[in-house]
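There are 2 protein chains.
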Amino acid sequence: MMRTRPLKVALLGCGVVGSEVARIMTTHADDLAQRIGAPVELAGVAVRRPAKVREGIPAELVTTDATALVKRGDIDVVVEVIGGIEPARSLITAAFEHGASVVSANKALLAQDGAALHAVAEEHGRDLYYEAAVAGAIPLIRPLRESLAGDKVNRVLGIVNGTTNFILDKMDSTGAGYQEALDEATALGYAEADPTADVEGFDAAAKAAILAGIAFHTRVRLDDVYREGMAEVTAADFRSAKEMGCTIKLLAICERAADGGSVTARVHPAMIPLSHPLASVRGAYNAVFVESDASGQLMFYGPGAGGSPTASAVLGDLVAVCRNRLNGATGPGESAYAALPVSPMGEVVTRYHISLDVADKPGVLAQVATVFAEHGVSIDTVRQQGKDGEASLVVVTHRASDASLSGTVEALRKLDTVRGVASIMRVEGE
Amino acid sequence: MMRTRPLKVALLGCGVVGSEVARIMTTHADDLAQRIGAPVELAGVAVRRPAKVREGIPAELVTTDATALVKRGDIDVVVEVIGGIEPARSLITAAFEHGASVVSANKALLAQDGAALHAVAEEHGRDLYYEAAVAGAIPLIRPLRESLAGDKVNRVLGIVNGTTNFILDKMDSTGAGYQEALDEATALGYAEADPTADVEGFDAAAKAAILAGIAFHTRVRLDDVYREGMAEVTAADFRSAKEMGCTIKLLAICERAADGGSVTARVHPAMIPLSHPLASVRGAYNAVFVESDASGQLMFYGPGAGGSPTASAVLGDLVAVCRNRLNGATGPGESAYAALPVSPMGEVVTRYHISLDVADKPGVLAQVATVFAEHGVSIDTVRQQGKDGEASLVVVTHRASDASLSGTVEALRKLDTVRGVASIMRVEGE
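Chains as they are written, first to last, in this note's numbering: chain A, 4 to 433; chain B, 4 to 433.
Derived by calculation from the structure, the hints in this document are not laboratory data.
For clarity, every value in this text was computed on a predicted model and none was experimentally measured.
There's no promise every hint is true.
Remember, identical chains collapse to one label, so a pair may be satisfied in a single copy or spanning two.
[To be verified] Pairs of lysine to aspartate or glutamate, DMTMM-like flavour, derived with a Cα cap of 25 Å:
(1) LYS11 with ASP77
(2) LYS417 with ASP360
(3) LYS74 with GLU195
Start from the sequences and build out the full structure, keeping to the hints where you can.
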């Protein structure tokens, strides 16, 4: 059964993930050959700094000319773990044009140009797989694309960024402020020197775009994803959350509208009840809830980043793509036939926790309640606390559209008796 | 792109799962066609009671002659949701011989005869898929077989039977005894009139055999799985578990030995720490932990049974098998190349919680401790409680082989001062 001529793999990038991919390809060569039906051979490794010693990688395989490598013509699979838009996009395109299939871990590129790259892959009859782009080792793309292919997914709700979960978990468990928790994450290597992509939600938004696209068979681009970072979450927010029996997580939420005619995708901090399984996802772990018509609620949990877990996902894809190649077939490509409109954030319907600083005098609550009512936002609970002539008012609403809530807040700010809006946070997972 | 000639599906069995498969095939026909690349048509439904009215299924499709249906020659995919060994085995074999691929939810059959069925499928170039056989809607077979194909799985640890989890969860949360909790499960429809297959662990053992086979690329048959039911778990065991910060779950555990040279598979009740994610799996839900070299710890969670969830898994497989058919290819078949020996239970290494009724007099603890030491079982903690001239001794061991523990218990029973061994339970998930 075993073919003896090896399949040739070109590796683009040899950092934390790439070096682990190369290592496992060597140490587990026999297992990979058995599982694929043919041996796989590392045919070239494109790097930026060729002088760096890379244990286990023969020097003659190393090149700085990634373009020449993907255009060699004898490469069966290109593994792209460079990240970023360029040169990754051009290299992947060239790989397809020269007959290779591609395994990528590049969430930013796939969220921005996934449709175009899928089109090139299809034109050349090649595979584009990217399990590693979302939530590291956790199988998500394949379950959504294949296991749930006979079901109707209505919601994907997840923690897809380990850095921000580490920070929020730290704030929750120690009462630390944002900056203090971020500093610890940086010191421990969980946050990068420039943490913008993580804490501002760009990383999670790219993953949300990819997940929404696959879940709803609809093209969802990064620009379609509403995004709010978590830098403004305070220790006071965590105290408020605890009073409600909640914690705070940075969530990626992809939803089909109740009428089924449109979808939304968003990333923002939100309160979720402690009883929700996502509430107990600790440290840098990731977890994703998927709700479907027939299957009900599924959850997938695991390490969302790191060299080894990401390499595991890359290698799973590599095995699948190599098998397809031996079969002369391709796996499922882009599925965007549903082409549902992506609604703006204003149409999202959820609950809200609003904390107001108000004057401590009679009639304020009535004024505030009137503003909510005028905007069609129904109040679930109100809690009023006096302090030094001022008072704080914490309002939790029933479900309302984001647009209605925004209108409410704008009107509240104009009230003389409202000194300030201390925080607004969505409440999810109920 | 869309082929217009439909793929023909024969459905064997139209009970809770089968009727839901038929319903979704009808209501989601357009989506399925888009995802497959061709329409799928329900070409026949084999049932035992043809007179029963089945909403949404045209009477002319219904037949009692399942054999004739699978032998028609124009069937592309046979969906088998009858369960049991025969006639399912003969029907699936005939389906392959007459050109069909097969999607099955039949754990008992696959655990017993999976290798033979895979061989017939391969001989005829057809697919045998069975995601629905293990843990209902939870994607497990596909992630193990494909997503982790480039990784080395070391342990699969899971709750794979909803009935027993419902009973144990009830005992844990209410302090009820086994019979009381079972009666409630029966009244609510979670347990069958004859609950033997569930409570004696046969159902979970079949799933353990299937999971171990796929995880370790080794044939593991039902007979290879050590099995202990949960009918002897008592309210007192739950009190002991709580004192240790644990709860009790019926676990399916598939492990690679530390030296990598053999594997084990077993099903039994066990204590697990409350901090372990499996401890908080409530009611009839299922969850499976998978530990691999590169990916670390993954968890998959969801409804483990029921018509709709199981149908979701069947339909995911149906889409995959239909795509393969259109591609003229087959998906991954049996992978048993590693052919590792399956070790007997005696070689399993774990921790134990042993509760002894002993005479309340000096020297008893020394005697008991000596017996443990003589059998090479190291004690972690001992707790002694006196009551009315008798005493109970609760011993928790360090890791030891099951054979050593059995030898220890046998010797303990011979001590005059040991009045009885009240319970022995393994401690997992640490």
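Discussion item. If the cut is 25 Å between Cα atoms, do LYS417 and ASP360 qualify within a copy, between copies, both or neither?
Written reply: Answer is within: at 13 Å inside a copy they meet the 25 Å cutoff, but 74 Å across does not.
Worksheet item: How do LYS11 and ASP77 come out at 25 Å by Cα distance, when the copy is not named: within, between, both, or neither?
Response: within (7 Å within a copy, 39 Å between copies)
Practice prompt. Pop the pair LYS74 and GLU195 into one bin, within, between, both or neither, using alpha-carbon distances up to 25 Å.
Written response: Neither, since 33 Å and 62 Å both go past 25 Å.
The earlier numbered hint that this structure contradicts is number 3, and it is the only one.
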